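*Asks:* Chains as they are written, first to last, in the working numbering: chain A, 1 to 492; chain B, 1001 to 1306.
Any given hint could turn out to be false.
Said to hold, decoys possible - Below, in silico cross-link-like pairs of lysine to any residue (SDA-like), each with a Cα-Cα straight-line distance of 25 angstroms or less: (1) B:1288 <-> A:445; (2) B:1288 <-> A:283; (3) B:1288 <-> A:331; (4) B:1288 <-> A:192; (5) B:1288 <-> A:457; (6) B:1288 <-> A:422; (7) B:1288 <-> A:475; (8) B:1288 <-> A:476.
Stated by the list, open to error - Computed far set for chain B versus chain A, every beta-carbon distance over 12 angstroms: (9) 1011; (10) 1024; (11) 1029; (12) 1045; (13) 1046; (14) 1055; (15) 1103; (16) 1180; (17) 1228; (18) 1245; (19) 1274; (20) 1276.
Calculated directly from the structure, the hints in this document are not laboratory data. The structure presented is a predicted model; accordingly, all values stated were derived computationally and were not measured. Heads up, the beta-carbon is just placed ideally off N, CA and C, and yes, glycines get one too.
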Amino acid sequence: MRLASRTRPRRGVPERDAALVRELVAAVGAPNVRTDDAQRALLRRDASVFDGGDAGPVCFPRTAEEVQAVVRAARRHGRAVVPRGAGTGLAGGAIPLGAPVVVSLARMTSIGEVDRDARAVWVEPGVVNLDLTRHLRPLGFHFAPDPSSQQVCTIGGNVANNSGGPHCLAYGVTNAHVLAMDVVLPDGEMARLGGLDPEPSGLDLRGAFVGGEGTLGIAVRIAVRVTPNPPAVRTLLASFSQVRDAANTVSAVIASGIVPAAMEVMDQRITRAVENYVGAGYPLDAAAVLLAEVDGLPDGTAHDADAIARIAREQGATEVRLAADDRERALLWKGRKTAFGAIAQIAPDYYLHDTVVPRSRLADVLEQVYAIADRHGLMVMNVFHAGDGNLHPLLLFDAREPGMLDRVHAAGADIIEASLAAGGVLSGEHGIGVEKQAYMDRMFTPDDLDHQNRLRRAFDPECAANPGKVLPTGHSCADIQQLSSAARGLWV
Amino acid sequence: MGLTGALAERRDLVAFADEVGADGPVAVEGSRTRWSVGGEPIPGVRLVRAPSGVSAYLPEEMVVCVGAGTTVAELSSVLASSGQRCALPARGGTVGGAIAVGEQHLDVLGRGTLRASVLEVRYVSCDGRLVRGGGPTVKNVTGYDLPRLMTGALGTLGLLAEVILRTNPVPAASTWLRADGADPFAAFDALLHPSAVLWDGASTWVHLEGHPGDVAAQAAVLSRIAATTEVDGPPPLPPHRWSLEPSAIRGLTGRYVASVGTGLVLRDEPQPLRPPDAASLGVAARMKREFDPTGRLNPGRDPARR
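Same shape as in the complex, but just chain A:
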């Protein structure tokens, strides 16, 4: 990937924005419009490696109608709008390009009453993913998508990114859990997409909108599906002396007709880092560990857990352990979900990749990933959603070393090529953002991309929503500004 020169954000909001700011203040009130350098600097970037863009005025609407008023004010002044959740995205999707109005949904956090007949609840976009599940759990439900950033990421961000998480293996990614949305379109109109009914009339604009990375409008009310809490859960930890054996276990489990709730693999480097960090009880001598979870009713979970243990042993597992109780299960998952906090012990910087390959190719592609890192003189760790074939190679480095970022990006490009060559795709859950625009034509023909562009244009004919994202250069709304990249902390 070519690294462009650093774009410096402007200091202060220019005089020409005075009229715009006045209208934004009229829309949401003076305390909810920020133009100061500190606030704008805070929202210049997200959790990706990219160093950031340039935020214009920042608004904090409290209602759907205020969002609508902000979008309309921006439109009157010909300014783009970028929605903002928690900023945990890893592909640069929330980075403001071209000094747009940034719309933070952080103050829209209400959760409606659960509709038990529909197994659905209306929520506002600023609700934090884990807060929703905490709210639902005593009622017997949870929100199934559980990205590793779930302690901070928001439902609106999940919708924009079609977020995944370990438990999406059995339950599906965000798109399967969004029934309806009220959306402020880029022209300021409010539309109801989808519905609580099973076969809503009209085109499935709800389905098209989810994963739109903020380029199709702003979801201001979201009806999400709630999933009943499973009465039985079994969590297994299997250790392997070779990464290949762990990967082969994953594809053998799926081939046997079992779809576990989650199947996660961690290699030795990451396992050791996590063990030092949280003491999750992972074995330090294993080349890889597989964390598998089955849930549902008691009979099926017992049967499936036994079958997974047997398959793991057949594939060469050196140890298979069943979590004895909820405390041990929670600890095993804590290890997995804090994996990236543990990295800071090893290297100052890291770059997380996100590709998907067919499960049967996991072992081969992983070997290539290790070889690619060696070739570029980088350390790589692997912790990934193995059940979905969703790889997350993590390249560790010190950005202060001259030429290092070029090597990191060259290795990343090789990993992407290896994944595509194995019949995979560019992104499993992080999205395209600004990170992978340049690779879109490796997966799609010009006609394919032209049709994606048509979908976008139907929502946003004037490139008013989060321009410069997803589609590669040469498509409408794609050419706006280059970014530089730097490394920092992230979730996976």
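Given chain A's structure and the hints, the job is docking chain B onto it.
*Replies:* Chain B alone, transformed into the frame defined by chain A:
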């Protein structure tokens, strides 16, 4: 191999694209199972048939690549030979027809929604070109979601040639139970992941699937709510599909079979139109102009009249 590779190298797909061409009104004919959903194609329109047959099936990946002209029955029998199934409705017709209409299986609670099962679409555009959207893996967020857009679009944005679908294992045990006098909403609440809970205002039919011990345990849960009888399957279903918010089925009168938890209702008369709001229709109209500016694809049909 049908899962990956350039569409331009697939002779059957190229032949279909050539047949669709770039001029004049054209409609796809399958089995005519859902011929009038959203309006019938205009009289005299040139009819084409999509390619048929399974071009790749990888049970261990839980994906199948199948021509849109394949019958659901043929696909189901191929999947069954490997102990798998998919979310397409059992009512029959072709794969492409069911996806174009966006019709759910009666067991949607157990099988998952149709729209979530469509991983990749390969279709012919209004100018006769082959276009691919989505990807062959079970997880994918690469770019805009054309598979979702094409599902339920009644072939008005592109003509489906081939799709990659997610498959699932057939559960080890399956049983239909009828519970007379049961509160169907209480039954739905008491069961974990039933595949279907149907109600005609008097009796409740429940489809349980899973491991044998779980199915037996769930049947016991149901029998504590009302006396149950094992039956062969669902009751006879009236012909017209209604799509209601699930809570609205509490107030139904007349003859119906309603799916508790989903809001699908089968009745003797068609559902009145329920058009989307003006802003959604505006996006849909722009979508049509973007994908088919001359209105040549399946003229006469309109997803908002579905």
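*Asks:* Is the Cβ of residue 1180 (chain B) more than 12 angstroms away from each Cβ in chain A?
*Replies:* With a cut-off of 12 angstroms, residue 1180 (chain B) remains clear of chain A, as the shortest Cβ separation is near 22 angstroms.
*Asks:* Is the nearest Cβ of chain A still more than 12 angstroms from the Cβ of residue 1011 (chain B)?
*Replies:* 18 angstroms, holds
*Asks:* Hey, does residue 1055 (chain B) actually stay past 12 angstroms from chain A on C-beta?
*Replies:* 14 angstroms, holds
*Asks:* For a C-alpha distance cap of 25 angstroms, please report whether residue 1288 (chain B) and residue 445 (chain A) respect it.
*Replies:* Holds - the C-alpha atoms of residue 445 (chain A) and residue 1288 (chain B) are around 21 angstroms apart, at most 25 angstroms.
*Asks:* Does the structure keep residue 1288 (chain B) and residue 476 (chain A) at a Cα separation of 25 angstroms or less?
*Replies:* 18 angstroms, holds
*Asks:* Quick check for students: does the CB of residue 1024 (chain B) sit more than 12 angstroms from each CB in chain A?
*Replies:* 21 angstroms, holds
*Asks:* Any Cβ of chain A at or closer than 12 angstroms to residue 1274 (chain B), or is the non-interface label fine?
*Replies:* 5 angstroms, violated
*Asks:* Are all C-beta atoms of chain A more than 12 angstroms from that of residue 1046 (chain B)?
*Replies:* 23 angstroms, holds
*Asks:* Check the non-interface label on residue 1228 (chain B): least C-beta distance to chain A beyond 12 angstroms or not.
*Replies:* 18 angstroms, holds
*Asks:* With d taken as the least Cβ-Cβ distance between residue 1276 (chain B) and chain A, does d exceed 12 angstroms?
*Replies:* 4 angstroms, violated
*Asks:* With d taken as the least Cβ-Cβ distance between residue 1245 (chain B) and chain A, does d exceed 12 angstroms?
*Replies:* The claim breaks: residue 1245 (chain B) does not keep its Cβ more than 12 angstroms from every Cβ of chain A (closest is about 4 angstroms).
*Asks:* Assess, step by step, whether the Cα of residue 1288 (chain B) is no farther than 25 angstroms from the Cα of residue 192 (chain A), and give holds or violated.
*Replies:* Holds, because 18 angstroms separates the two Cα atoms, which is no more than 25 angstroms.
Violation of the numbered hints given earlier is confined to hints 2, 3, 6, 15, 18, 19 and 20; the remaining hints are satisfied by the structure.
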